[in-house]
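**Q** Sequence order for the protein chains is A and B. Each residue of the first sequence is one higher than the last, beginning at 0 in numbering that gives the first Met the number 0. Each residue of the second sequence is one higher than the last, beginning at 0 in numbering that gives the first Met the number 0.
Wrong hints could be hidden among the right ones.
[Stated by the list, open to error] Pairs of lysine-lysine, DSBU-like flavour, derived with a Cα cap of 35 Å: (1) B/Lys272 to A/Lys216; (2) B/Lys77 to A/Lys286; (3) B/Lys212 to B/Lys35; (4) B/Lys272 to A/Lys96; (5) B/Lys77 to B/Lys35; (6) A/Lys340 to A/Lys315.
Source of the hints: derived by calculation from the structure; they are not laboratory data.
The chain contents come next:
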Amino acid sequence: MKETMADTILEVENLSMHFPVTSAGVLRRVVGQVKAVDGVSFSVREGETLSVVGESGCGKTTLGRCIMRMYEPTAGSIRYQDENAGEMVDLTRLDTKSLRPYRGAIRMIFQDPYASLNPRMTVEEIVGEPLILSGHPRDEALRQRIGDLLEQVGLRRQFMARYPHAFSGGERQRIGIARALSLNPRLLVADEAVSALDVSVQAQTINLLRKLQIEYKLTYLFIAHDLSVVEYISDRVAVMYVGKLVELAPTEALFTRPAHPYTEALLSAVPLPDPRLRNRGKRILLKGEIADPSNVPSGCPFHNRCPYSDGARCVKEVPALRDIAGDRQVACHYAETLPLKGTAELTG
Amino acid sequence: MDETIVEVDDLRVDFPVMAGTIHALQGVNFALRRSKTTCIVGESGSGKSVTARSLMQILQRPGRIASGSIRYRDDDGKITDIAAQAAGGRTMRAIRGREIGMVFQEPMTSLSPVHRIGEQIMEPLQLHFGLPKREARERVLDMMAKVGIPNPTQRFDNYPFQLSGGLRQRVVIAIALICQPRLLIADEPTTALDVTTQANILDLLRQLQDEMKMSVMFITHDLGVVAEIADDVVVMYAGSVAESADVDTIFHAPQHPYTRALLQSVPRLSADKNQPLATIRGMVPHPLARPQGCVFHPRCDRFLPGTCDAVEPPTVAVAPEHAVKCIRVGPDLEDIGL
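Taking the hints into account, I'd like the entire structure generated from these sequences.
**A** In C-alpha cells, the structure reads:
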C-alpha cells in the first residue's frame, strides 16, 4: 500500500505510542493504555511541507515527539533516508549513540517561545549549543556562524550577547528557528510553531519559514491546528483523530474535496474572516466530545460523532487507511460515496 | 436608534510598576448597544483584557482607573458610573455577576477545583437572590441543560477535573448566565478550545443571547471569530482604540492603516499561496516605551513624517458610528492624493 518513492525522506510505518495507565498506590499495576498514536503510517517527501492537523488529544504532538525520539515508540518504525548511506535507517532501532549523527538532520521548533529558551543562557549560547555539542571548537568561526544564523532569521548579530527576556515572542521564535538551523538539518519538525504568536508576527514567521525552506531545501513536518495557516503553507495535509490517521491528501484536494467526514467537520468549523459569509453554507456541529484515547470507540473511532454513520459497519469494523484516487489516503468505509463539502462550498 | 447599555468615555488605566507607570489604556471610547455583540479585537498588549476587567472593576494589582467614565444604564434607565465605584463597594457587588456576567479564557483556572460544579453555578443565585436551596437547584439544572451539559442531574455533583475543556467552558458560561445578566463580558472564551468545540460554544452563545436579549462584549484576537459573531467591532492597538464601526465596515471598508494591515496578515482559506503573507513590520511597542505621536506610526505604511510622530491623532468620526484614530483619514487623505 505504501510507495517507496525515490524522494522519500522519512517513512513512518505502523507507529504506535501507547502510554500505560497505572493504578494508584504502590503496586502501580497497569490498568489500561492511552493510545496516543495508534498504527500511523505515512511518508514525508523531500522538500515538501507536510502538515499534521487535528484537535487536542489527537496525538499529533506525540507523533512529532516520537519522530524526534523524545519518546520510545511502542511499535512500528521510523525510517530516515540517510543522504550518505543512501539507504533507509530505522531510527527506532538505534541507541542514543548511533542516533547522534541523525540528531542534527532532524530538528525541532517548539510551540512556546517563552518556555523553550533557557532564560539563563545568552542567545549566543542558545544558538551555539548544538554546534558545540556536535564538536565545533569554541573559536571565532563559531561566533561568525552564530551571527550568520541570526541574520538568516532576521535578527541582528549584535543581539548575540543578550538574554531571551530582552526579546518579544516573535523574536524568540526566530531564535528557536536559528537554533534548529544550526546543524544544517534536512527535516524540521515544527510543533505549533506559530500558534502562540499574534497575527502580524505570525505572518512574519510564516514568511520566514517559507524563505528558509527554499534557501536550504528544507522539509517541514508542520504540526498545527489552525487550518488557515496549514492551507497556506502545506503541500500535503494529514488529519488525525484519536491517535489514528484518518485522511492524507494534497492540500488543495483536501480543502476542496475532503474525503473523510471528520475533515469536512473541521473545515466547516473554521471561522471565516468575512462577515458576509456568516450565513452561507450550513455549519456542521459535531455532537459530543473528542473520544477518550484510553477508551476508543469500537469500529471507526469517529462513528459516534459522524453525521454519516450507518450504525452497523461503522460501529463494528475499523476502517483501514486505504489509497484512493489522486495521491490520497483515507480511512472511511464510504469515502467514495459521501457528498462531502469543501471550503469552496463553505465560502460560497 | 438602539439603546446604549454601556458608554465608555476617555477611560485611562495605569499600572504603576517599579520601572515606571504603564499606561495600559490611554483614553478608550466605545459604546455597547442593547442585545448586540461587540467584539474587542487586538493583539497581545493592546489593552483588551484590561478594558474588560475595568468594566467589572476587577483590575489586577497594581492597576487602577486613572480617569474617564464607564456609564452603565440599568433596566430602569438609571445610570451608574462604574469607574467611580469602589471595587469592593456595595454597588459593584450588586452589579457584578447580577447585571454583568463574565466568562474568562481559561476554564481550568476560573473554576474552583474543590467545589462541585452544581454548587459553583448555584453560588451567584444564592448571593444575589437568596433563593432557597431547592429552588436554586432547579434553576441550576435548567441552566445546565440550556448550555448543553448532558445529564445535568448526574453532572451536578461532578468536580471540574471530571469534565473536558469544552464542558468546563460551558460550566463557566452557566455561572455567568445564571442570574440572567443584561451584559455578558467574554474574554477570549474559545481561545483555549478546539475549532469544533469553538463552533459549538459560539453557536450556544448566539442562541442564548437571542433568548435572553443580552448584550455581549466579546474579546478575541481571532478575526474569524469576529466576522462570525460581531455586530460592532472595536479594534484596539497599544492601549487605545484605533477604529470602531459595525462589522461589515471593519471588514470591507476599514479606514485605519492598522485595521487594514491586520486584515491582510490573516492567512485565508483559498488565498493565493504564491504570494507571501502581508506583514506589519516591527512589533507591538513595549508598554513602557510607546512611541510619540500616533502609537502605530513606526509600523504604519502611511506614516507622514513630522505629523504622525509628533501629535497624537484625534479620533475622527468618518461616518456616524464609525470612528477612526488616524490623522490621515477622510478629506485629508484626498488632499494628499492617496
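**Q** For the pair supplied as a hint, A/Lys340 and A/Lys315, confirm whether the alpha-carbon distance does not exceed 35 Å.
**A** Measuring from Cα to Cα gives roughly 26 Å; hence the hint holds.
**Q** Next pair to validate is B/Lys77 with A/Lys286; report whether the Cα-Cα distance is within 35 Å.
**A** Not OK: B/Lys77 and A/Lys286 at ~43 Å, beyond 35 Å, violated.
**Q** Taking 35 Å as the top limit, are the C-alpha atoms of B/Lys272 and A/Lys96 close enough?
**A** violated (41 Å)
**Q** Does the alpha-carbon distance linking B/Lys77 and B/Lys35 stay inside the 35 Å limit?
**A** holds (20 Å)
**Q** Hey, B/Lys212 versus B/Lys35, does the alpha-carbon distance stay inside 35 Å?
**A** holds (8 Å)
**Q** Need the status of pair B/Lys272, A/Lys216: alpha-carbon distance at most 35 Å?
**A** holds (18 Å)
Checked against the numbered hints above, the structure violates hints 2, 4; every other hint is satisfied.
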